[in-house]
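Trainee: Following the working numbering from start to finish, the sequence shown increments by one per residue and tops out at 961.
Take the hints with a grain of salt, since some may be wrong.
To be verified - Lysine to any residue pairs mimicking SDA-like chemistry, simulated, CA-CA at most 20 Å apart:
#, residue 1, residue 2
1, Lys326, Lys449
2, Lys432, Gly103
3, Lys93, Lys294
4, Lys823, Gln841
5, Lys490, Ser475
6, Lys438, Tyr460
7, Lys439, Glu136
8, Lys93, Thr120
9, Lys874, Pro884
10, Lys326, Gly215
11, Lys95, Glu136
12, Lys823, Met801
13, Lys432, Phe204
14, Lys434, Asp102
15, Lys294, Gln234
16, Lys93, Arg119
17, Lys110, Gly215
18, Lys95, Pro325
19, Lys95, Thr268
20, Lys439, Ser475
21, Lys490, Ile431
22, Lys490, Arg455
Claimed, not checked - Label-pair ranges, simulated between beta-carbon atoms:
#, residue 1, residue 2, range
23, Ser505, Leu122, 31 to 37 Å
24, Gln84, Lys874, 55 to 61 Å
25, Met170, Ala854, 31 to 37 Å
26, Gln841, Ser464, 55 to 61 Å
27, Asn229, Gly858, 55 to 61 Å
28, Asn112, Ser515, 17 to 23 Å
29, Thr212, Asp187, 15 to 21 Å
30, Ile887, Gln837, 48 to 54 Å
31, Asn229, Pro414, 18 to 24 Å
32, Gly85, Ser282, 40 to 46 Å
33, Thr212, Ile887, 40 to 46 Å
34, Ser505, Gly148, 39 to 45 Å
35, Glu879, Asp712, 41 to 47 Å
36, Gln878, Ser475, 41 to 47 Å
Because the hints were derived from the structure by calculation, they are not lab data.
Every residue, glycine too, gets a C-beta built ideally from N, C-alpha and C.
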Amino acid sequence: MAARSWFLLLCLAAAGGGVLQARAQPDLKGFISLDCGLQGKTGYVDDKTKLSYAPDDGFTDGGTKRNISVEYMRTSLSARYHNVRSFPDGERNCYTLQSLEAGLKYLIRATFLYGNYDGLRKVPMFDLYIGVNFWTMVNISDPRRAELMEAIVVVPEDFVQVCLVNTGAGTPFISGLDLRPLENTFYPQATETQGLVLYSRKNFGPTAETDLIRYPEDTHDRTWLPFVNPGDWLEISTTRTVDNVVDDKFGAPTAVMQTAVTPRNASKSIEFSWDSAPQPKDPTPGYIAIFHIAELQLLPNNALRQFNIRLNGKPVLNESVTPQFLYAGFVYSTIPLPTYAQYNISLSATANSTLPPIINAVEVYSVIPTTNVGTDAQDASAMIAIKAKYQLKKNWMGDPCVPKTLSWDRLTCSYATSSRPRITSLNLSSSNLSGDISSSFANLKAVKYLDLSNNNLTGSIPDALSELPSLTVLDLTGNQLNGSIPSGLLTKIQDGSLDLRYGNNPNLCTNGSSCQLAKRKNKLVIYIVVPIALVVVIVSIAVIVFCQLRRGRQGSASNSIKPDNGTVGYAPKNSGHMHSSSLRLENRRFTYQELEMITHNFQRELGRGGFGCVYDGFLEDRTRVAVKLMFKTSKQGDKEFLAEAQILTRIHHKNLVSMIGYCKDGDNMALVYEYMSEGTLQEHIAGLEYLHKGCNPPLIHRDVKAANILLNAMLEAKIADFGLSKAFNRDNNSHVSTITFAGTPGYVDPEYLMTMQPTTKSDVYSFGVVVLELVTGKPAVLRNMDNTSIIQWVRQYLAQGNIEDVVDARMNGDHDINSVWKAVDIALKCTMQESVQRPTMIDVVALLQECVELENRRAKEGNMTNHIYTTSREDNSSDNMYNPHQSTNVIQSDDVFEVGHNIGRVPTMAIGPSAR
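Whenever a hint applies, use it, and build me the whole structure from the sequences.
Mentor: See the structure below:
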């Protein structure tokens, strides 16, 4: 093989060369043939190919079976097109083909016939993927026509998935799916890093349009469509066997090579052409072409058939082609051809030739990259096992992490350029899990956060979970687990490396010398540092979206109420309604003496504010809590205490700090709520959305600021400090009247300051200040600049047109500049002087999502430090390609050829490579 940028191989076997003699009977081992949507559990044998087709049940767990409309049924229609499997639910649905051999080459074929199966008379468009790599776009042009999509790929695992992706242009469906093993020496253009997508495969010389060749004539069950042009071409045929050479690279079947065409006028050339077919994802598609050539006539000694092959008038070889009698030769390209609007192929006789040119068949493929790699194999296998054990549906189809845009719900992945994606977080809270804890969880070696809370899991806690090297949070709250906590987990708890949450497991042993938890060492693990990349910032903001109202049953607060020892980070299961006359709560009521025990006599202060001090504490089950003790001299007093207690009792959301209990013991008042290990957003400058729409009645926070946004160990942002919150009537007013000013300088809405009437837009204003803090790394009020507002400071710099002067220099440029501009623009809109000019929080979230998309796009396109994601090619071509109005591309060149064993030297190519 010549080491060149690309090459064209001419391999025309010489007489007497080694050949494969009579072909052996085809071995069907490895063939998979699915009739998608076939009713029942039994398959059938196809009348023509004698291949067995099976129902697709068991190969996919999504979709519904449908039959095509009666009006599209016809006697000539193959049985596998009578029905389809449709996928109206989910963005991605996949078939899994198993029992393959990793590293081998396979042909994968999907077929589609719409037939108005859904009665909508609207043909859809959708995408196909092979594993995690884009295959092609399916564009159904005619409801009566069967479309065929075929690819040749190297399969990296012992299975392969074929996925249909809904792109919003109609419901994906499929009629049939086939897999055929190929010799690994076949189609050398298909490698571990690129695959071939069939553009067209044509057989020259059949006399009828219906003379299609498949299995068993082609032992690999490729489909060869007839290419008939009786007006310009003469058909040549033979009944003798046309053999393949020893180093055969394509295995063209004898039935295909037994027919050929030659010009009807002997002085003419064989010509055909095709147009380039650009697609949205590949505006300059490239193609690989393979020409199959064999002499079918025994020529007299004085006769010579010799011709040149030209592409758009330029010779592709520096020497002519002389076909050999009854040997299947081939000319092929190994990288995409130069890019042209139209491709014109001509085979012209040389001056010495006494006979016109000949051609037997042609194949054309586009090239798709297969460089995207899926999730770490152990992680992926673990997730598949977990999915199967608990019968989880969700959007769990295809690869768990790749592509990013289609990753599974409830998990988070890490993406490194030097290794496969790993699963770092899995949240299966409230997922109706039952039975024991699967051992497969212990195979998620990179997981840091595992949440199995609020399910119906039984049995003991597997000690194997302690072998997870990265695990920092394990939440088992609210299950039916029994036994004791394994020693391995106890060790991790004692050394401070694990936060284990296990409340509300009635049968779990947490007392006694055999299972008593040792005192945990204090360890505050900071997972973020300043500066933090803007994408993390924006995601942290955008995730805090909706406040859900959960109405619990009413009840009076008394010491007889059973405590809800719920886990940190999750709201208690039962909640009461808010009443203005008295405090009616269903959370646990603590005595002041109990608070002293929980906090070790208020030993460790976490922070303080106008209400009082916040102390670190642990409940009996070692759940870590924060105890907010009101100053007896506090000016806010009972009113704000009641307000915050009632609000936290009534509303629950993952991004609102959850209250575990309260204390009203004489003049001692306190709130006990979940512990947020990473402190405030202000401390890290790394978080908000809101209560304006989801709560009933809606709430105005009135004190939105970085110090009131807390972060837990997973960097989930949660809103805290509701003592100043006010309810308003959504139907009548967007504001509440108050005679008491509330808020923090630098965050206060100037309109509220003037009118003393806070509105939802007051919170929007404060949030805009928080966004500016995130982008700039500066406080709301710049004390070293004569108490300048951060809003004023940003506007001054932006007036000079340089966003980089505003961005926190500690980001070191790791951000998308357009994303930063948009984030700052959103913040400035939020902080307009007049509230009517500000967006709502719902609008803000939508705008921030655009920032997220910009950052994701930057990561996708890649740079020196980011991941690089290869854009796959797209081909939307049908089978019937070879006519003057259709397309197939052929050869790209620059010393691009390699010679077969019967040619003495390497030819050169006159066509230079095209920049792509």
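Trainee: Tell me the hint numbers this structure goes against, listed in increasing order.
Mentor: Violated hints: 3, 5, 6, 11, 12, 18, 23, 25, 26, 27, 28, 30 and 33; rest satisfied.
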